[in-house]
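A.B. asks: Read top to bottom, the protein sequences are chains V and Y.
In case it helps, my numbering puts the first sequence at residues -4 to 426.
In case it helps, my numbering puts the second sequence at residues -4 to 426.
Possibly wrong hints are sitting among the right ones.
Since copy identity is lost for identical chains, a pair holds within one copy or between any two.
Unchecked claim - Below, in silico cross-link-like pairs of lysine-lysine (DSSO-like), each with a Cα-Cα straight-line distance of 30 Å or less:
{"id": "1", "residue 1": "K366", "residue 2": "K27"}
{"id": "2", "residue 1": "K135", "residue 2": "K244"}
{"id": "3", "residue 1": "K135", "residue 2": "K269"}
{"id": "4", "residue 1": "K248", "residue 2": "K135"}
{"id": "5", "residue 1": "K22", "residue 2": "K322"}
{"id": "6", "residue 1": "K22", "residue 2": "K269"}
{"id": "7", "residue 1": "K27", "residue 2": "K76"}
{"id": "8", "residue 1": "K206", "residue 2": "K368"}
{"id": "9", "residue 1": "K322", "residue 2": "K366"}
{"id": "10", "residue 1": "K11", "residue 2": "K266"}
{"id": "11", "residue 1": "K135", "residue 2": "K366"}
FYI, nobody ran anything at the bench for these hints, they're computed from the structure.
Number of protein chains: 2
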Amino acid sequence: MVDSVYISDVSQHVGKEIQIRGWLYNKRSSGKLWFLLVRDGTGLIQSVVFKGSVSEEMFQTCEDVTQESSVVVTGTVSEDKRSVGGYELQVSGFEILALAEEYPIAPKEHGTTFLMDHRHLWLRSSRQHAILRVRHEVIKACRDFFDENGFTLIDAPIFTPNACEGTTTLFETEYFGSRAYLTQSGQLYMEAGAMAFGKVYCFGPTFRAEKSKTRRHLTEFWMIEPEVAFLDLDGDMDLAEDFVSFIVKRVLKNRRAELEKLERNLEPLEKIGKPFPRISYDEAVEILKKNNIDFEYGSDFGGADETVISQAFDSPVMVHRYPAQIKAFYMKDDPGDSSKALCVDMLAPEGYGEIIGGGQREDDLAVLEGKIKAHDLPTEAFDWYLDLRRYGTVPHAGFGMGIERTVAWLCGLSHIRETIPFPRLMHRLNP
Amino acid sequence: MVDSVYISDVSQHVGKEIQIRGWLYNKRSSGKLWFLLVRDGTGLIQSVVFKGSVSEEMFQTCEDVTQESSVVVTGTVSEDKRSVGGYELQVSGFEILALAEEYPIAPKEHGTTFLMDHRHLWLRSSRQHAILRVRHEVIKACRDFFDENGFTLIDAPIFTPNACEGTTTLFETEYFGSRAYLTQSGQLYMEAGAMAFGKVYCFGPTFRAEKSKTRRHLTEFWMIEPEVAFLDLDGDMDLAEDFVSFIVKRVLKNRRAELEKLERNLEPLEKIGKPFPRISYDEAVEILKKNNIDFEYGSDFGGADETVISQAFDSPVMVHRYPAQIKAFYMKDDPGDSSKALCVDMLAPEGYGEIIGGGQREDDLAVLEGKIKAHDLPTEAFDWYLDLRRYGTVPHAGFGMGIERTVAWLCGLSHIRETIPFPRLMHRLNP
């Protein structure tokens, strides 16, 4: 009985006969030899079938086997630096479990729609493997960072009762005779969490029904949102900087092979170091002016503006103190200039735009009530939220980081759709 | 300048003067002394204010401070085994940041509706702290288990395009002119993932619009779902057993204080060990008979039935091979008895019922097509899923574990509503 081994573990079995169970990724022949490239989800291994070493029927099987057929390969592991993954299998046995029909994804170029329609199969490609392994690493790094720093995980609800800021970008559903809306952010709930646990975070899917078809938008995306009691804007920026540095280092350490597979230029990632530049909105506007960008002071930055601003720096740049009027009601005004909010956006380098948005929250009951009225929001919907200011209010701050945008940046992808296993876009709900 | 320290870290500051920033949890006086119990989210510390050591105004502040006011306490740390947490603060300075209005949650008994309406404040109680820290530990253990065992995280989509098995328990939403449904399980997507990555899992919220008001049901709950290629039912049970044992051990190791706070009887948890008993549906029915339970052979077990079955064992029990007709179309038939499905439910001990459901999937294209027809399901909706059988089908299996039911069991809670920060029930969408 020969041991079944994952390809990722073959280095521990050099010189031994093992069994690999997987799928045919590719093959080529050279007369007396078949080179079968086999994948099992953990890696690829070249399996060399020599005509003299196996039966004639078995050698014929190599001729018959089609791409993505499920196979069991028995053979002896040898080191071979020239081979994919550094190891090879000298085949003594080869069996087809299920012969695949003609595989729709050939090694030629396919259109995006075709690939997205076949996302369930496209996931088998080594490029998608690399991206989704980086995604996994980013998510693990996020959780490890907060877990190791004393944060408590407080999952925010997905169903929320109010469409306070209008329903235009909210998905709604019937909820036992009333209406519920899918969350766009767990922040308000995290504020309750921070008052209870000091340091909290949530991590889950969030939803935006934006009629937007840009390369940066998904209707369903994952966000991690920390919130900390007794934290001000400066502390919030320290936290965001530590957090993003941690993620970049972790990915460079554990997923270098994947980034190389994606032909990601590692130099810009390796240059990233603390402290990240911190500039005010006003300073960011100056950068746009110097670059002759037509921009109306007081408005929000668009994607193109963010690109120009971020290109002025090697590390992610933190832009703070936007005009209060374009920011949400819960932002605290800058005591030094009440026309500005104590908020911060972090823009990734190389034109990847905003990956983090956050800031210090208004902690004064009367001021917050005033803001809710000024924004024409229904006070009763925020009654529970105002309780957080009635019972032991403290300065607090937090932020949200979008997982997919971060993965797109780290992998150097031009479109966000490949950063999530089953992307949901305005015109994409399948498979 | 005195260092601000979290209560969880005071053991490193014995004999030093530090500052604690938090909230007043409770207080009592004894003439010349005030004992202020302060919480900061990481723990509780008794702060002793001696009339002679502080100014008269400051001593008066102790009289004035109300429950849940935010406070800054300065003092010297001393060890005191009799105190909560084992340390005490000899107070040299005390400041109220924000005086709280009369706190609605008094240390008396409140009704469930009242507490649920004030969930954003109820989270501050030490009982809720204990439960949610166990929840955090369970989630971390789940991820660690799969991450350490070579699984790749493949997040399943929340929006799904079809209501294949009827819309009665599905939440639906308008999706840019068409309809989308909120996921009930990521399984089908995980099968695609397993064919690509070998071993995968997803972890996220799932949704059931069940008109059910039992103590075991939430409309929004979190589920972790592994799926593995080249795995059969026995291997699936091995995996489930290893997984649950790992979680129980981890929680007992890291969250013992929280379980004790909840007055959880630890004995039944400590008894849990591998192997878990594995019994067939038929054997489970025998147990019901022996206990004189009125049960119709061929039907599914109800909550009360599960309680009786699980009470026959010390460890979680795995019940396999249910009648195929009461199970989903994708279950593989038992080759030894085609009236049975190769499925398994794991029932937690002490009457906590099903925490895991899973099994081996039908991997034969023709058989699966036949099952889809026999269940009157629309084949075109499953075309992508059938692709997994067209291109390199292999035996595979997996399961889903509900986080909240697991937490309820481990914490020994009678109702699932306290196991999630902001529970969503049929009649509960607030706060």
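A.B. asks: Which constraints among the numbered hints does this structure fail? Numbers only, ascending.
C.D. replies: 1, 5, 6, 10, 11
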